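Based on the sequences and whatever the hints tell you, model everything.
Residues per chain are reported as follows:
Number of protein chains: 2
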Amino acid sequence: MKYQYTVGIDLGGTNTAFGIADASGKIVSKGTMPTTGHESVAAYVLALNDRIAPLMEQVGKGNIAGVGIGAPNGNYFTGKIEFAPNLPWSGVIPLAQMVSDALGLKAWLTNDAKAAAIGEMTYGAARGMNDFVMVTLGTGLGSGIVSNGKMIYGHDGLAGELGHIIAERNGRKCNCGRKGCLERYASATGIVLTAEEWLAERKDATTLQDANGKLTARMIQEAAFAGDTFAIALYDYTARILGQSLADVVALTSPEAIIFFGGLANAGPLLLEPLQKYLEYDLLSIYQRKVKLLLSQLADADAAILGACAMAWE
Amino acid sequence: MKYQYTVGIDLGGTNTAFGIADASGKIVSKGTMPTTGHESVAAYVLALNDRIAPLMEQVGKGNIAGVGIGAPNGNYFTGKIEFAPNLPWSGVIPLAQMVSDALGLKAWLTNDAKAAAIGEMTYGAARGMNDFVMVTLGTGLGSGIVSNGKMIYGHDGLAGELGHIIAERNGRKCNCGRKGCLERYASATGIVLTAEEWLAERKDATTLQDANGKLTARMIQEAAFAGDTFAIALYDYTARILGQSLADVVALTSPEAIIFFGGLANAGPLLLEPLQKYLEYDLLSIYQRKVKLLLSQLADADAAILGACAMAWE
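Chains as they are written, first to last, in numbering that gives the first Met the number 0: chain A, 0 to 313; chain B, 0 to 313.
To be clear, the hints were calculated from the coordinates, so they are not data collected in a lab.
You may find that some hints are simply not true.
Note that identical chains are pooled: a pair holds if it fits in a single copy or bridges any two copies.
Subject to a maximum C-alpha distance of 30 Å in a straight line, what follows is the list of computed DSSO-like cross-link-like pairs (lysine-lysine) [said to hold, decoys possible]:
1. Lys149 x Lys291
2. Lys25 x Lys60
3. Lys172 x Lys289
4. Lys60 x Lys149
5. Lys149 x Lys289
6. Lys105 x Lys149
7. Lys276 x Lys25
8. Lys178 x Lys276
9. Lys172 x Lys276
10. Lys105 x Lys291
11. Lys202 x Lys213
12. Lys178 x Lys29
13. Lys1 x Lys105
14. Lys276 x Lys29
Bear in mind the structure is a predicted one, so any value in this text is a computation, not a measurement.
Below, the structure is given as structure tokens:
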């Protein structure tokens, strides 16, 4: 192999994480810096270069194949971030080109969930798989669908919006302007919304009652791990809605596995055990007992960097 | 090009159509024979060979690249028909191998909707497209999803069951044993079921009242073309349900176009105009005004043969 390393950049709404990994997925150096507080995108990219350039020197720039960037609303085809609601910069930002110019390396951009899928395919739970679905359960629900060994970008680079398929017709209002989107139910935000609705309607005894109004998904997870039946039922409900939607995804793409990543997935069996049950129940019989539900095999802290690094090997 | 022709076989529940086409999609010879009435699958394949062999002689067997077969429940990966409920033969039938042995040519098998998708990609409305969805609206609803220029078969060859995504939770009972599958609404069968439900519940003046109990999709189409508002409303309802489900398919695969084929699609604007309206309404904004709704460009009578012929070029 000509090159030994790639650079990965994970651009989040608050922080940007970056690192350099070798072909085996070992991160040889990494760092973080704030995404916010820069005068402009150009100033952000300069600051990023100031941090990454010394790391590149350490491994020798000539040994680096390129740079992968995972960013909200990142479009692989254009290399641009397009109208990302949670970033300090508005409109369309040609970030891949800007980073490429600054670092003097080829750069590729996609959204965070697709970068995670490529990371799993290259270094994680999807190694050797040609057909799988990556689901990231964070503030929202992101996804990357891989078929025939290739990421499905769609004709415009915007495929994979599993978070915005309709889970509940005329259901909860979504930030996208429509109603009932899956991510309003199956995400950290979604499970909190469910908890708030239930606390308003039901009289279950639960330790979460005290936190009503300032509930977080982490509190729900801790309560569930501590045996709070109300919190456990919240996971069960979330799994039911997610299972129904995933049964439809399986009917369309027949994946070998569905791989979960992100805050809500950290609950592990609390989510995956009921999910397996509901998914099997909802599946068309030809798919039953064939789809593996797996957790990401990339360490939480490094997964986003590794996903971005993996893009640059493609 | 070494070869000039391919053989296509369209195996239906009642009849089998076959033909030989050149690389431009011109059918140079064709024929039909009954699917039923043979002592065994082996006898059927022998009879088929008796009919196709003379056609192959005419163009010179050495000029033929291979044989494509479209069949219900056909699995591309195994070359087998698997538990097809509407064929005279039960269980698993290694049809690709049997046809290959009989005709002395390589043979490929897939289901009819995927063959139709390959036909559109090779000769029809999807020429030059890398990302599109084929929807066949016949007795049931079949589909073939193409991404990155490749058919999505899934890990087991069984992807593309759009007819069995859930359109209506706890809705109409489906032959698959579940409830609310899209094909129970959006298909020739589905529109008749809607008509029967409405005739039982509503008092609209309609010429279809007389045919209640022996309604067909063709009758509904003829009534709608003649201006029957009840029949037109049946198409509108069918389009609404179909539009909702297709909005989810677009969110997952972001196709350039959705191409329709089959009896119900023959209604043309009766179905496609309301469908366009509902789909646009249901789409996430990033996809709006970008997805073309097209009718198949393959002549009805030849489309299935051409789809099968196209497979053998792949």
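Do the hints match the structure? See the list:
no. : hint            : result
1   : Lys149 x Lys291 : both (19 Å within a copy, 24 Å between copies)
2   : Lys25 x Lys60   : within (17 Å within a copy, 56 Å between copies)
3   : Lys172 x Lys289 : between (34 Å within a copy, 24 Å between copies)
4   : Lys60 x Lys149  : within (28 Å within a copy, 36 Å between copies)
5   : Lys149 x Lys289 : both (21 Å within a copy, 23 Å between copies)
6   : Lys105 x Lys149 : both (20 Å within a copy, 27 Å between copies)
7   : Lys276 x Lys25  : neither (35 Å within a copy, 50 Å between copies)
8   : Lys178 x Lys276 : both (26 Å within a copy, 18 Å between copies)
9   : Lys172 x Lys276 : both (28 Å within a copy, 21 Å between copies)
10  : Lys105 x Lys291 : neither (35 Å within a copy, 34 Å between copies)
11  : Lys202 x Lys213 : within (18 Å within a copy, 53 Å between copies)
12  : Lys178 x Lys29  : neither (40 Å within a copy, 51 Å between copies)
13  : Lys1 x Lys105   : within (15 Å within a copy, 40 Å between copies)
14  : Lys276 x Lys29  : neither (40 Å within a copy, 50 Å between copies)
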